[in-house]
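Engineer: Below are the chains, spelled out letter by letter.
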Amino acid sequence: SQQGEEDPQALSIQEGENATMNCSYKTSINNLQWYRQNSGRGLVHLILIRSNEREKHSGRLRVTLDTSKKSSSLLITASRAADTASYFCATEWIQGAQKLVFGQGTRLTINP
Amino acid sequence: NAGVTQTPKFQVLKTGQSMTLQCAQDMNHEYMSWYRQDPGMGLRLIHYSVGAGITDQGEVPNGYNVSRSTTEDFPLRLLSAAPSQTSVYFCASGTSGGAGGELFFGEGSRLTVL
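Keeping their order, the protein sequence lines are chains A and B. Start counting the first sequence at 42; every next residue gets the next number (my numbering). Start counting the second sequence at 8; every next residue gets the next number (my numbering).
Listed below are several chain A residues computed to face chain B (Cβ distance under 10 Å; list not exhaustive): (1) R82; (2) L84; (3) V85; (4) K140.
No wet-lab data here; the hints were simulated from the structure. Virtual Cβ for every residue (Gly too), placed ideally from N, Cα, C.
Throw the hints in and build the complete structure from the sequences for me.
Structural biologist: Pasting the structure below:
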């Protein structure tokens, strides 16, 4: 498979706690993106981090990128019930420009 | 602003039948793509287009045809449906494949092949 791998596959936490999801990929990339998918819906873009960036913030989201380890993490702080969804990382490979390759996703459940 | 519109939302086919999944976007995006989503497999790229008249294959193109005659529309054709094509199909558009920014997704078309 050409997909990246996400870890964990499923995560269940209490509302208010922080959630961390990890993504590893296999080859050099131009950028890495994170998307959210609510059950039965399409994917929604959350954040994009370029290969020359190490960290990026957007509201309660913090994304890190370590190109030497070929990995990224998504941190959601102060989680809410509305954050319950599946989260996917997607990479644009240098050799495969204009092809976004998605990981298998992390299913996040926020318990009230 | 409608964004990316996919039709139909649900479809049941018999093996060997043909059909077309429609995708239209009103954001004047040059880039459009089709993905399929299967349990435990994430999203896999079927075909993509970087502009009218230009299409290319993704990771899993076999059994699917596409064309791009206008900027707005990118239909996906199944010529002879097989049970292995049972999946949820997503159309996405963007200013580019990824370097330019985000992809905008439709709500999906759920296809069952019996």
